[in-house]
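Q: The chain contents come next:
Protein chains: 2
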Amino acid sequence: MTSARADTVAVLGTGLIGTSIALAALRAGMTVAGWDSALDVAERAAARGGFRSAPTLQDAVKDAELVIVATPIAAVADVVASALEAAPRAVVSDAGSIKSRIVQEVIDRVEDEQVSRFVPGHPMGGGERSGPDHASASIVDGIVWVVTPTERSSPDALATVEQFVERIGGHPVQMTPERHDRLVAFVSHLPQVASSTLMGLAATEEADEPDMLLLAAGGFRDLTRLAASDARLWSEILLSNADEIVRAIDLYVARLSTLRERIAERDPEHVERSFGEAKDARLHLAAKPQVRAGVAVIQVQIADRPGALADLTAALARGEVNIEDLQIVHSPEGGRGTVHLTVAATTADEASSVLAATGFDPVRLA
Amino acid sequence: MTSARADTVAVLGTGLIGTSIALAALRAGMTVAGWDSALDVAERAAARGGFRSAPTLQDAVKDAELVIVATPIAAVADVVASALEAAPRAVVSDAGSIKSRIVQEVIDRVEDEQVSRFVPGHPMGGGERSGPDHASASIVDGIVWVVTPTERSSPDALATVEQFVERIGGHPVQMTPERHDRLVAFVSHLPQVASSTLMGLAATEEADEPDMLLLAAGGFRDLTRLAASDARLWSEILLSNADEIVRAIDLYVARLSTLRERIAERDPEHVERSFGEAKDARLHLAAKPQVRAGVAVIQVQIADRPGALADLTAALARGEVNIEDLQIVHSPEGGRGTVHLTVAATTADEASSVLAATGFDPVRLA
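Those protein sequence lines, which keep their order, are chains A and B.
According to this note's numbering, the first sequence holds residues 1 to 366 in order.
According to this note's numbering, the second sequence holds residues 1 to 366 in order.
Among the clues, some could well be false.
Incomplete in silico selection of chain A near chain B, CB under 10 Å [as the list claims (entries may be wrong)]:
1) Leu-251
2) Glu-269
3) His-270
4) Leu-285
5) Val-363
Which bits of chain A does chain B cover? Going by a derived footprint, with three or more residues having C-beta under 8 Å, they are [said to hold, decoys possible]:
6) 170-183
7) 233-243
Hints were generated in silico from the structure; no laboratory data involved.
Even glycine gets a Cβ: it sits at the ideal position worked out from N, Cα and C.
Isolated chain A (complex conformation):
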């Protein structure tokens, strides 16, 4: 390794995250090869973005300065070890959702020199979808990308990975593998558990109470959106971080049980205080600048009919406001939708004013 900068990249495992990383690397002008153990998946992924689909792992990494392993967790260590072996000068990173176990598995498999070229990572993106057909370079835009060097990762290798993350649009955040696993148990794994468990409970109850889900409005939908995620993937993630997630569930259950006791005792002060603290924390979170600096989020109600969104977007076009992102949230019976618009903060006032002038009722959320 003579320079931290990698211009030739191989992505091993071309599902949602791997293909999105490949597309973002292409967009940044890098040369990209992709490989997947399912050859047809790699070909479908490569066709989406025009990068090279390699027939073997060895072929994919042969010119690579940086290799990103984005396979399912169970395969990461083996594929990392193969890549370190096949590309004796390349830096190797991964995109696995847990880190400590992967680090231990890699160290158990490879030689010291090879460990120095391995810098684990975790791009904090994705969502409930999967597969290369949903991939997009934009999934990488502005995301926090945790980089967890081991004690034996070389500084040059670390620099290569951090520079790559920045060049393709992410924000590298460095911490130890252990700390990563402790934090994601609370902000990523526990939300998945809370969401799937709520959805499973409501579905079971509906068997006895038909129409229960007819009453499910936007709040229930927000809470259960994650429950649509890939079940095998999440089973694997949770079991790979079992000790931390068990601890997080225990703390969650303890809090729920305390609140349950206070509700049973009809203690309004405790209940209101606990909800008030959560509200303050949530408002603070919504205002966090580092998530996406310089944007504003505006909520608008629209009717659920042909042309409703056209009225909204036409108003913004007249105001010369570019829409950075737009998310539609539907009501259970489809009469009404809520749209969350993301616009540059500098254009938020203009956006609100043209929307109001057109008869919409914009509410600025952040």
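Put chain B on the given structure of chain A with help from the hints.
A: Positioned in the frame of chain A, the structure of chain B alone reads:
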């Protein structure tokens, strides 16, 4: 009461829901008066939509054929009783989030003839916002509006309320007050508890682990959006439905504890099956009734400039195609962005053809 149809309506309590109902009634051509115990709130609400702000409850209801009480829960029974007394021929309904306790309180306060004119209700809308400034007639569009007649509500009074709901844009769904309270404990109150508790836990943990919330991505944000709701309002709702919510929390905690045990035992089959069942239920929920036959996803490239999305949505509006969902996949480099459109499968061909005719290059993904 000579007819089920009410054309003159009074709304008592002009917060988010009361004002939204008043605006929807105005939109439907009714004559509307509003009153709030905080006179400035009623005036602010009335100014938003041009309905009459009444100085007293008695003045608000004096010509009303239908009175909707939308005060905080603790005040509903008193205000309902006053309205039944002050307007001896009017039908009275309410918009309280719980029903059994309100029904009991009203029956305790009023005479039999008055009970026959009371038909409790609950429009299932709202969200994390509050106050008349966020009100909008569109909040009522297409929402499920539970109507819970008591054993002594007259059929004419019930018909008046159901007809009103339909005329202003809601879907009346009839059930007993007790059943309503049992169902909303699962689909409305428990999600609020799950959301606020998760947010409170993560905020507490962040005190020991700075940057935890920096890793919070879209999933965590979805789960905790409800936590920004009004703390006093929710404390009141939960304590008014304490028995049902305690039962729902117990069932939720029992499921979480079972999953926790299976994770601790490293039992992939149970974990994957439980997540898989939740996924199936959530996908079933996601499909709106009218599009359960299937949806199609169409990918379109658009230029990254003001007006690009307006061209796209206008084309679909011309083709009478309703957009079920739209996701922008944005290129920060400028130039091109990708949009994923979800439309009913039955309209996919029409969508593709109007888009192609307008110069877009639609690709059907699913």
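Q: If any of the earlier hints don't hold here, list their numbers in rising order.
A: The structure breaks none of the hints.
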